[in-house]
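Protein chains in written order, with our numbering: chain A, -4 to 347; chain B, 89 to 415; chain C, 2 to 389.
By construction, these hints were calculated from the structure, which means they are not laboratory data. In this text, all values refer to a predicted model and were calculated from it rather than measured experimentally. Ideal Cβ positions, reconstructed from N, Cα and C, are used throughout, including at glycine. Certain hints may be false.
Think about it this way: if two alpha-carbon atoms lie no more than 25 Å apart in a straight line, the pair counts; the simulated DSS-like pairs of lysine-lysine are [as the list claims (entries may be wrong)]:
no., chain 1, residue 1, chain 2, residue 2
1, C, Lys176, C, Lys191
2, B, Lys412, C, Lys176
3, B, Lys342, C, Lys191
Simulated coverage check for chain A against chain C, where a stretch passes if three residues somewhere in it have a Cβ under 8 Å from a Cβ of chain C [as the list claims (entries may be wrong)]:
no., stretch
4, 53 to 66
5, 81 to 94
In case you want the letters, here they are:
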Amino acid sequence: MSAPLRDVAIVAFAQSDHRRRTDDLSEVEMVMPVLHEVLRRTGCETSDIGFTCSGSSDYLAGRAFSFTMALDGVGAWPPISESHVEADGAWALYEAWVKLLTGEADTALVYAYGKSSPGSVRDVLTRQLDPYYLAPLWPDSVALAALQAQALVDAGHTDEAALASIAARRRADASANPHAQLTGARPQGDHVVAPLRTGDCPPIGDGAAAVILAAGDRARELCERPAWIRGMDHRIEAHSLGVRDLTDSPSTRLAAERAGAFARPVDTAELHAPFTSQEVVLTRALGLGDEVRVNPSGGALAANPVMAAGLIRLGEAAAAVHRGDSDRALAHATSGPCLQQNLVAVLEGDPR
Amino acid sequence: MTVTPPPEILRAPLVVEFPFTRSLGPVQSAFLTGLRERVVLGVRTESGKVLVPPVEYDPETAAELRELVEVAATGTVTTWAWNPAPRPGQPLATPFAWVLVRLDGAGTALLHALDAPGPESVRTGMRVRIRWAAERSGAITDIACFEPYEDDAPGPSTGTGEGRPAAHDGEFADPVTGITTPARLDYTYSPGRAQTRYLYGLAERRTVGERCPSCAKVYVPPRGACPTCGVATTDRVEVGPRGTVTTYCVVNIKAKNLDIDVPYVYAHIALDGAGLALHGRIGGIPYDQVRMGLRVEPVWTEGARYPDHYRPTGEPDADYDTYKELL
Amino acid sequence: MSKEPVAVVGIGQTRHVAARRDVSIAGLVREAALRALADAELTWADIDAVVIGKAPDFFEGVMMPELYLADALGAVGKPMLRVHTAGSVGGSTALVAANLVAARVHRTVLTLAFEKQSESNAMWGLSLPVPFQQPLLAGAGGFFAPHVRAYMRRTGAPDTVGSLVAYKDRRNALKNPYAHLHEHDITLEKVQASPMLWDPIRYSETCPSSDGACAMVLTDRAGADRAPRPAAWVHGGAMRSEPTLFAGKDFVSPRAGSDCAADVYRQAGITDPRRQIDAVEMYVPFSWYEPMWLENLGFAAEGEGWKLTEAGVTELDGDLPVNPSGGVLSTNPIGASGMIRFAEAALQVRGEAGEHQIDGARRALGHAYGGGAQFFSMWLVGSAPPAG
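Chain A on its own, in the form it takes in the complex (with noise of 0.2 Å):
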């Protein structure tokens, strides 16, 4: 793609601790203190945010237009420019990027959420599929993962002593990030459905994030070093796994190119993989080397809030180009059975 019409960065991010459950709250009662959070850390109040736009799904809570009640949180009036993507929230900021591309709003609130507590997020998943031939078979994603697992190991790319590496590195990275669900050393367990054992699968959990987007010197003025989007580009691929190699993911290697990744390497990489098994397809996918500080944070392994574990890996890399652990970050969230859709951002910091 050409260069974006404008300079805009991911100014501020927050995210809840995320938890097994949040029978205490209600969906607004979680969100609203992540909102307040975000806020709070460029100064900004309701009435300074250009455009809102959010990500969550009916279906994980179970009641049709539950983002109204979501909305509650913000503090929409007078009036707002706003939307909503029945997706991760990742989608929700690709959306709020470009209105800002468009120069109709300087700053835009993201956030996102989702409650997996209240259902059975597996049995809930498979409502994704195709409702003919797939959905009456009720394919839960742990099994859609674990074929995508075999097919890899049969390809000779992982092994599951492999993936038990994975699983334990990620959680050890965890441990330094005090909202993650999951953290430390744990045993691998046992099979879930076999290739992938329990270590090799993401907590089901609840949680919120949101991130302040903001364009030009707004963004300088709300963060001393804002993370700037060079290119963020999001790519679909066929709904069937039967058409598709589940050992690559053409459609993650083709945003990035469109995003621009290649054009020089990254130093950080937030993959939105919530099996162990996906992060090799990924990392194979973007051709990421060891240089490569993959998921720091501990990725969706140690913390998984449908809905929003994919905008938590553009937050969490914007965040590390906050802090200077990383001048030049790749960002990835995953939607669909088996990665089918994926979205890729690059985000760099200022030259210090």
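Given chain A's structure and the hints, the job is docking chains B and C onto it.
Showing chains B and C alone in chain A's frame:
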């Protein structure tokens, strides 16, 4: 100072269940009707690849696909995953392998279950065949599952080379044009902090709202946030029990899942002291005599969580100007 | 650098009916998409990205159905984005797509919205039981009827205004081959004699439940130059949201609606909407919402909207025709209804609206709303490119 412990968290089952009715379109209709007749159809793309199961549109070119072919009920496992603990709705109730199977003659793989004694008896590349369901209706579940099958394995098929699958016109007697796909998901609903406190108040027949610390409006029922200020509502404020009908409608159609005789009046009621109206049913007065401004009070029935309805108090009607902001 | 002007060069919709039993969900959306491509004389390869919208996933019982629909919409290898903003979603989806062009992220975008309501039952989808809440009614009519009564009280509008709107929209639908309801024997007496469902709303003053899809091809200046038929140009577009319920909310004339319109008019240089706008496609699911939105959108002073309706101003031959297509009252695939409004507005300024064409329409407004009258999306399209 003593700290009041938060009330016990409320939980209740929430079942989302519906028998969705799905029309199929020609390709899916032919495939599912074929399964009923123990015939497996694929569809050929412009490049000659045979897709099984047949899809309506080419994933690569988006072209509409209509050229049906018949493929074998035997095939080869392209990947698999052992499922030690089957879940509700899945094809088999005993441990099984999920498999992607490329049927002989097909260029792509179909997802289903494989009945096998254990993971040690499953491998990629193994030969399998369809085990048909005893009763078939024209659905993907007409394939009960796959089962291991010993034969002289043919070489890998691409669906384009030798043994080109035969064309099929997709015509069957009494074709299946639609399917019913019941789906049930079970959730456990918990209403959160503010609603829980509200519900505990109702249990004592008190209506307790919460005040916004910023704009001072009293929210009834409280939902956890003042929606205009975006902050948590805090102080608890008892409102009512009396209130004013601010607007209403007369409901003349009976809803399936609702045990209320029609006609009845569904009203917005601003309880005294509340910052906005809540919704309730009006009784104790003929439906055609309900009016805006009517003063009402709750009528409780034994064991009910909410007032059964609101009835006139007999006070003079409220002046429009006193409630026109509370419609 | 300023925004890229956005042109609508292709429009397609399905023939909307209660149940399309001959097609799958993919078949339904595909039909609208192919018609939009044919109108623009483009192929799948010309499309850079797909933006899709629909109302709650429970309506079809498919979570995030765009995943399954990627193949049917030629989206494989492309960006595909799913929008959901309740009933306004069809409009919001078009605006998100327009922004992709305006920001020069993509040159040509397919946008589409749909609902296949026959897969389930809208009453069920809208009224999933919520534990601990008191079930009081089902469906949207009972929710909106008290607001209609509040409007009548506030303005003193006579009881008959709602029936005039329904009678007009159903007659307009007879001129629109894609409309769901074609009531050839409609009379005002029949509308007024139809059963009172949620008093003050009668059966004939409510929208149907439809299966349908609508698609548009949006493109940049260069794309418009190549287009075989006249383009509709986006002169302004906006979304506004306010909370579902709050102290002081004006359900009769929500501020989010009037703010949204004001933003669109500002972008488009509209100072007198009543005179400068030639046709309006507004989201009127219950007939009384026409006079209510006439006021909310600035076409009439507060309390005066019903007078325009009563005087025939909003008729097909009036000086401010509202819903020449027959509107939501004649066609309602919920998630698509907002995009149909946007598309019908574009058809008017392209001069392509067929029998329900308003002669010489140069500027038209497309309007959608949703949720508890809280989510609004609108665009103003013109026959000439925007100035500047």
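To see whether the hints hold, each was checked on the structure:
1. Between lysine 176/C and lysine 191/C the alpha-carbon distance is near 20 Å, which keeps this suggested pair within the 25 Å criterion.
2. At roughly 41 Å between alpha-carbon atoms, lysine 412/B and lysine 176/C are farther apart than 25 Å, so this suggested pair is violated.
3. In summary, the hint linking lysine 342/B to lysine 191/C is supported, as the alpha carbons are separated by about 23 Å, within the 25 Å threshold.
4. A stretch counts as covered by a chain when three or more of its residues have a beta carbon under 8 Å from one of that chain; for the stretch 53 to 66 of chain A and chain C the count is 10, and the coverage holds.
5. Judged by the Cβ-Cβ criterion of 8 Å, the stretch 81 to 94 of chain A is covered by chain C as claimed, because 7 of its residues qualify and three suffice.
Going down the numbered hints, you'll see the structure goes against just number 2.
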